[in-house]
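Protein chains: 2
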Amino acid sequence: MSNPNQTAITPTRETDFPEWYQQVVKAADLAENSEIRGCMVIKPWGYGIWELMQSGLDAMFKATGHKNAYFPLFIPLSYLAKEAEHVEGFAKECAVVTHHRLDTGPDGRLRPSPSAELNEPLIVRPTSETIIGAAYARWVKSYRDLPILINQWANVVRWEMRPRVFLRTAEFLWQEGHTAHETEAEAIEETERMLAVYETFARDWLSLPVVAGRKSASERFPGAVETLCIETMVQDRKAIQAGTSHFLGQNFSRTSGIKFLGRDNSEQFAWTTSWGVSTRLIGAMIMTHGDDDGMVLPPRVAPVQVVLLPVTPKPDSRSSVLEAAEKLAASLRACRVWDEPLRIEVDARDLGGGVKNWEWIKKGAPIRIEIGPRDIEKGTVAVSRRDRDHKNKSFPTICELTAGLPKLLEDIQANLLSRAETFRLEHTHQIDTEADFRAFFTPQNPSKPKIHGGFALAHWDGSSETEARIKEELKVTIRCIPRGEFEPGTCPFSGKQSACRVIWAKSY
Amino acid sequence: MSNPNQTAITPTRETDFPEWYQQVVKAADLAENSEIRGCMVIKPWGYGIWELMQSGLDAMFKATGHKNAYFPLFIPLSYLAKEAEHVEGFAKECAVVTHHRLDTGPDGRLRPSPSAELNEPLIVRPTSETIIGAAYARWVKSYRDLPILINQWANVVRWEMRPRVFLRTAEFLWQEGHTAHETEAEAIEETERMLAVYETFARDWLSLPVVAGRKSASERFPGAVETLCIETMVQDRKAIQAGTSHFLGQNFSRTSGIKFLGRDNSEQFAWTTSWGVSTRLIGAMIMTHGDDDGMVLPPRVAPVQVVLLPVTPKPDSRSSVLEAAEKLAASLRACRVWDEPLRIEVDARDLGGGVKNWEWIKKGAPIRIEIGPRDIEKGTVAVSRRDRDHKNKSFPTICELTAGLPKLLEDIQANLLSRAETFRLEHTHQIDTEADFRAFFTPQNPSKPKIHGGFALAHWDGSSETEARIKEELKVTIRCIPRGEFEPGTCPFSGKQSACRVIWAKSY
Chain A
-11 MSNPNQTAIT
-1 PTRETDFPEW
9 YQQVVKAADL
19 AENSEIRGCM
29 VIKPWGYGIW
39 ELMQSGLDAM
49 FKATGHKNAY
59 FPLFIPLSYL
69 AKEAEHVEGF
79 AKECAVVTHH
89 RLDTGPDGRL
99 RPSPSAELNE
109 PLIVRPTSET
119 IIGAAYARWV
129 KSYRDLPILI
139 NQWANVVRWE
149 MRPRVFLRTA
159 EFLWQEGHTA
169 HETEAEAIEE
179 TERMLAVYET
189 FARDWLSLPV
199 VAGRKSASER
209 FPGAVETLCI
219 ETMVQDRKAI
229 QAGTSHFLGQ
239 NFSRTSGIKF
249 LGRDNSEQFA
259 WTTSWGVSTR
269 LIGAMIMTHG
279 DDDGMVLPPR
289 VAPVQVVLLP
299 VTPKPDSRSS
309 VLEAAEKLAA
319 SLRACRVWDE
329 PLRIEVDARD
339 LGGGVKNWEW
349 IKKGAPIRIE
359 IGPRDIEKGT
369 VAVSRRDRDH
379 KNKSFPTICE
389 LTAGLPKLLE
399 DIQANLLSRA
409 ETFRLEHTHQ
419 IDTEADFRAF
429 FTPQNPSKPK
439 IHGGFALAHW
449 DGSSETEARI
459 KEELKVTIRC
469 IPRGEFEPGT
479 CPFSGKQSAC
489 RVIWAKSY
Chain B
-11 MSNPNQTAIT
-1 PTRETDFPEW
9 YQQVVKAADL
19 AENSEIRGCM
29 VIKPWGYGIW
39 ELMQSGLDAM
49 FKATGHKNAY
59 FPLFIPLSYL
69 AKEAEHVEGF
79 AKECAVVTHH
89 RLDTGPDGRL
99 RPSPSAELNE
109 PLIVRPTSET
119 IIGAAYARWV
129 KSYRDLPILI
139 NQWANVVRWE
149 MRPRVFLRTA
159 EFLWQEGHTA
169 HETEAEAIEE
179 TERMLAVYET
189 FARDWLSLPV
199 VAGRKSASER
209 FPGAVETLCI
219 ETMVQDRKAI
229 QAGTSHFLGQ
239 NFSRTSGIKF
249 LGRDNSEQFA
259 WTTSWGVSTR
269 LIGAMIMTHG
279 DDDGMVLPPR
289 VAPVQVVLLP
299 VTPKPDSRSS
309 VLEAAEKLAA
319 SLRACRVWDE
329 PLRIEVDARD
339 LGGGVKNWEW
349 IKKGAPIRIE
359 IGPRDIEKGT
369 VAVSRRDRDH
379 KNKSFPTICE
389 LTAGLPKLLE
399 DIQANLLSRA
409 ETFRLEHTHQ
419 IDTEADFRAF
429 FTPQNPSKPK
439 IHGGFALAHW
449 DGSSETEARI
459 KEELKVTIRC
469 IPRGEFEPGT
479 CPFSGKQSAC
489 RVIWAKSY
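Just so you know, the sequences run in chain order A and B. 344 is the number that the numbering used here gives to position 356 of the first sequence; each next residue is one higher, with no gaps. 176 is the number that the numbering used here gives to position 188 of the second sequence; each next residue is one higher, with no gaps.
Hints were generated in silico from the structure; no laboratory data involved.
Note that identical chains are pooled: a pair holds if it fits in a single copy or bridges any two copies.
Below, in silico cross-link-like pairs of lysine-lysine (PhoX-like), each with a Cα-Cα straight-line distance of 20 angstroms or less: (1) LYS55 with LYS14; (2) LYS344 with LYS129; (3) LYS459 with LYS484.
In this text the structure is predicted, and so the values were computed from the model without any measurement.
Produce the complete structure using the sequences and hints provided.
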């Protein structure tokens, strides 16, 4: 870092956004690819973020009446086959278990034992509607057994052809809510309630200013009647789908046999929903908040919110500095923000101050505090915010620091949100002609071909044909039909009538 | 329940212990078998217990310096094959993924697509030493990179031939710690530290008075140098292995290539450990604490510690009783025990009081509180402890209740531990001849053939032959070589010298 203009991450976002992303994941020590194609190792710093996300979401799920449970990893082939659209959507990308034992073949090598072939192959769950539906069919007899409000934290597998760490991996971690209701209205209400939970969580915890809406038919979850979603814009102006909530109607309850005796004594099928978010949210945060020096973490999901970096230029003052740092850490841990104790770490490793400082910059710790012999004399510390230039420091007294730290973290959390919101608004445009639309989604600057476009608010005639043509020609899709938009107009692609503007974008 | 001698669970423990167990799992709504052989559905009450176990253990792991991370579900066949004993131990019971896509066969039916066969089959992890070892091999270069102290919460699959819910299932949930160290001594210290964590957790959280020790060679984890374990005795006097901590020496670091440049600049292999407990602990708790009326939960892992049962004999007083119950619940939620708010639930369902009362008895909620119109008048409630006869109630005032509830929960927690400890001691005998040993493990009462034996403290000559013969003839194995026992003697089976008594028992 001797050159003041050099960044910790090479290449920069402008130069090569996809490669910048991979380098941030590596430099921040978040995750890495494993030898199993498309499967990642989530390292402690990355997993620590996921644990905080889990705890935040889990509390919100429980506050809305849900309980956790756990269902089998394996789905019989015949279950998946029950729902036609569902199997169509997942058959091309699933891991299939065919044997339950290994033995040594004639060539002396280990192999799946031919005598242990399963009668029916098992699919490693890509999602659990069918296996959970089978359980609900056993549990539900009467309207009194409804609603069932259950969530599962689990790993799922979708054999992705173009994996990208966090954003699209063969195995990923997620939560999947699965609910069954007596009436259509209740199920629709649940679908909307959980989308609102996701929207709140993304905004308040991850500083992601998501747009909420519903998917067009072609982008729906396979088997859903309606898919609601939250979409976020990242710094190369593409969209990332950050969470979905599906109203499944009676599709899955019919195929799984979730039926009950209603209040009028007639046999009825339950109305079901499902909703999920995954470790992909970590990818969305990196791409939204990261900069050319690495990750930038919203404090609410930072495993370490404040790192204390003891500055120990001389061996003889080292122990007194470390002691002062530990003492300061202990008093800061007594402070609270967002109803939890501050997460403080003292980095006492015997490494150069610059090395340690840059490690924490790359990891995205929201606040770094340096404390050295001269600071101790003066009763001050040097404070750096990760959301500001790393040379920009403040020098509060210990007293001012302790009093102000919770507020400082709240400021950073809010600043990341507002910065991302400004960015999204800057790159969201109303577009009314196909020519303008094509120009918007064509790289203007040949030196940075990866960054262009944004969210185009354009009319759409509602037809899958128009949607398919644009996708084919420009790789641009309808990300969502925003909530509450009812401004009729003309579709720029077909000239036909349109009920409202929808959000078009390239996406991950 | 009109017959006062009738129990909520049929059969009773004495009549048919294995069937009693299945019926408790069902009656307490803990879990159920799914259609996938050996795979269970963990229902919300069972999963709630697991969540509390996780939170208790996780805090203990973190307090001992560990962090969580996540590694791939799939293990390449060749990895498993690297460690000879390891593959021998797991090859016979693993789920093998051979294809990554489905298609429609010539008969019109869905099948694993022949064009999507994997070059190398993948094993669904039965345990993760090999896949985690591969990651550590990438991470470790110098002694400065050690120790690595990581834990993973995950699902694993072992294709069990005789599955039994919680105790032995094809898929189960667990945590697996995997650590790598610079020296042998540090790795051994870690192995012992984590066994001590398990022992403390089992005793203080689950009220399980486990015995700690080490396994004989034949019972070791495949590939381990030494396996430490905690063993508990359940009410049919069999042993359940409740947790294991393995010292792996350099076996896995050699096969995985976890090597580093040491302080003396020589290349060395790391010393590794692994340790785990699983959802089987729930089975151990059921079999230890349960009675003929169902589950009995230690309060520390009870999702609901105190259930309030409003008694509403007349429609016109119903709302005032419910209101009083909610008010009481709110004030009780402000009380704390074991440093957490009490977990209180008001069961306001419009069902008969007896039905609700028995549901909570069967689920094992530690305390039930009835509150009705007359109680409200008198300012008292009726309190029942799950660890005492259900007809045995006390009638404290609201004031006494609030003041005494945390202590009451602590009492129940301690009582369950001491009851189980007394039981274990009653059925632990020093045995010095093979004839006595055989008699001890032979059913004495033909009407209850399943309950006999216990822990036999007998000498052993240390040979695998003796061990194998007893296992073959009596289905009795060495459960553990207790810590700190050094009383030399004579092996009753071979007449040879013995270093100490070991614990023999039948086991799950």
